[in-house]
Amino acid sequence: MEDNFSSYHPVISFFFFLFVICVSMFLMHPVFLAISFFSAFSYNLILYGIKKTLKNNLLFILPMMIIIALANPMFNHYGVTVITYLPTGNPVTLETIIYGIAMATMFCEVLLWFACYNEVMTSDKFIYLFGKIMPSISLMISMTLRFVPMLRNHMRVIANGQKCIGRDTSNGKTTDKIKNGVKKVSILTTWALENAIDRADSMRSRGYGLKGRTAFSIYRFDKRDRAILIVMILLAITFFVGNSTGNCYVSYDPIVKVKGIPLDLYSCITFLSYLTFCMLPVIVDLYDKYKWKALRNNINKKENRGYRLWT
Amino acid sequence: MSEKRNVDEFLDLWFDDKKIEQYKMPIPENPMVSKLSKLFRVLKTDAQDEIFVSIEDYYSRQETSKKLTKRTIVTLIILLLMSPLTIAFGILFMGDRKYTFIGIMLMFYAIIPFFMGFESRKPQTRELIVIAVLSAIAVLGRTAFIMVPMFKPILAIIIISGVTFGPEAGFLVGAVSMFISNFFFGQGPWTPWQMFSAGIIGFVAGVLFRKGLLKRTRVSLCLFGFLAAIFIYGGIMNPAALIMYTSHITIEGIIGIYISGIPVDLAHATSVVIFLWLISKGMIEKLERIKKKYGLLV
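If you're matching them up, the sequences are chains A and B in order. The numbering used here puts the first residue of the first sequence at 1, with every later residue one more than the last. The numbering used here puts the first residue of the second sequence at 1001, with every later residue one more than the last.
In isolation and in its complexed conformation, chain A is listed as follows:
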């Protein structure tokens, strides 16, 4: 589903995901974990819809979370609050259990953010961003992305052709199957390489790599992007300053020590700035939907007065 935040300039999306993924990967404060998890999940809901988000998470992320949360108290034995003892004689402590849960939440939210990243930062945006720093590598990446479906289609053509002359891979003896499969791969390789050389020559004769040539892009850094970039930078600075004062310190070893709860002014500001930052895509998208609805309502009102734009 196309959301409003994806339509911003690639620099904005990249900066957002870089910040959010890095911060959520390295901060283990429970409030930060909760904020990050909540915003990642709600952005997933906007991008994928309720059904797909739940399906993805219940199938893959939830079991992963349980395994990580259980693995930590099994293999680590630090902490002072002993709850029980394992059959091997090692203690199970409250601290390791809590840390395991925090770890599992952290891992899960990083995966959720990456799910959003895959949807928003499409490969063309990535190549647009890195095309200036590493032109050859990003061209190579974009070509590889093109070649994968092309080669897959051609593999089907080859398979059909081979089937017609009796070299099918779907039945027969196993050795024959393997032999035919290898033959198909070899045909594909030859075709792909010859095709690649042709393509290279064609690119060169059209002037690829000459000085002063530009790359096509449809992205424009406009007012809206500038505004959101300023907001993002301000929030990030507030967050870092607030974080560096030590209000959001947390330690799980040897005892669980959480600062910033109950809320005081500084920690409150830090938490709020982080929450706003993480929720920016959701806020932007909801505001956009609200505005669209309001405008349509306006039109409906006008329609009653005699205008008819659509039925």
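Honestly, the hints are just simulated from the structure, not real lab data. Note that the coordinates shown come from a computational prediction; the quantities given were computed from them, not determined experimentally. Positions of the beta carbon are idealized from the N, C-alpha and C atoms, including for glycine. Accuracy of the hints is not assured; some may be wrong.
[Said to hold, decoys possible] Within a straight-line C-alpha distance of at most 27 Å, the following computed DSSO-like cross-link-like pairs (lysine-lysine) qualify: (1) B:K1281 <-> A:K184; (2) A:K211 <-> B:K1122; (3) B:K1215 <-> A:K183; (4) B:K1292 <-> A:K184; (5) A:K177 <-> A:K163; (6) A:K289 <-> A:K52; (7) A:K179 <-> B:K1211; (8) B:K1281 <-> A:K163; (9) A:K51 <-> A:K289; (10) B:K1122 <-> A:K183; (11) B:K1211 <-> B:K1286; (12) B:K1291 <-> A:K183; (13) A:K184 <-> B:K1286; (14) B:K1122 <-> A:K132.
[Said to hold, decoys possible] Reference listing, derived: stretches of chain A covered by chain B, where coverage requires no fewer than 3 residues with Cβ under 8 Å from a Cβ of chain B: (15) 19-33; (16) 60-74; (17) 100-110; (18) 135-147; (19) 178-187; (20) 197-203; (21) 216-224.
With the hints as your guide, set chain B onto chain A.
Chain B in isolation, oriented as in the chain A frame:
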């Protein structure tokens, strides 16, 4: 044949800066030349068409190319300055997440010099596309066997390309194919680790082949593939998993994760051996033929 070569040389002369060094001629001390070059400068359009480059421009460009390029400097800064700084920063400020942070950053620093070196070399278009095709075949191999866990031909293709096209191409095929296939499998904190470990296998294959330690025989390649899959790929990815999921790294933990990874690594290595056994001979022959036919200088 000779005519085709002439055309090739002519094209190289016009399009590749590198090649022009071979055709170095003495600068004629002729007033006509400077006049002509001035005339060409006037003719230069805003688009800076390369055809109207004056001789002086050519020589000045050659001088600059001998200096350290920006990319080399960036690489040096990363290697000498950034990595110790990152480690110090991680240990001082990251607390219990320091291993994850340092690990991922060092993986990036390890990949960047290869990419930057490739960029500053100004690779030929043909080279670029051949590497892209090999990566695409590797990605296709990884997606084709998506149903069978750990049974992937991707390392086999990376080793073959390292052996035929040299260490640099081997690294690029490995890193790019891992990066691209994660667009289909899902990106995550494991991407830099996979990119580096697959890339370094291609690199090592290329280096060992150049040194004569690795032969283009099936047995030799299969042996290398088996060892590389277990010791390089498994050797990097197992502790990477530990670093990603936990934060208290102990020697027992590392030993434990290596032991628990043995079956997976063995399955992976077996698949690499099977694919190398089946496709290596044909693939290497084809790649060599392409190299010879089109004169790829790798």
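Here's how the hints hold up against the structure:
no.	hint	verdict
1	B:K1281 <-> A:K184	holds (14 Å)
2	A:K211 <-> B:K1122	holds (13 Å)
3	B:K1215 <-> A:K183	holds (24 Å)
4	B:K1292 <-> A:K184	holds (23 Å)
5	A:K177 <-> A:K163	holds (12 Å)
6	A:K289 <-> A:K52	holds (21 Å)
7	A:K179 <-> B:K1211	violated (33 Å)
8	B:K1281 <-> A:K163	holds (24 Å)
9	A:K51 <-> A:K289	holds (20 Å)
10	B:K1122 <-> A:K183	violated (35 Å)
11	B:K1211 <-> B:K1286	holds (22 Å)
12	B:K1291 <-> A:K183	holds (21 Å)
13	A:K184 <-> B:K1286	holds (14 Å)
14	B:K1122 <-> A:K132	holds (14 Å)
15	19-33	holds (count 4)
16	60-74	holds (count 3)
17	100-110	holds (count 3)
18	135-147	holds (count 10)
19	178-187	holds (count 4)
20	197-203	holds (count 5)
21	216-224	violated (count 0)
When held up to the earlier numbered hints, the structure conflicts with 7, 10 and 21 and fits the remainder.
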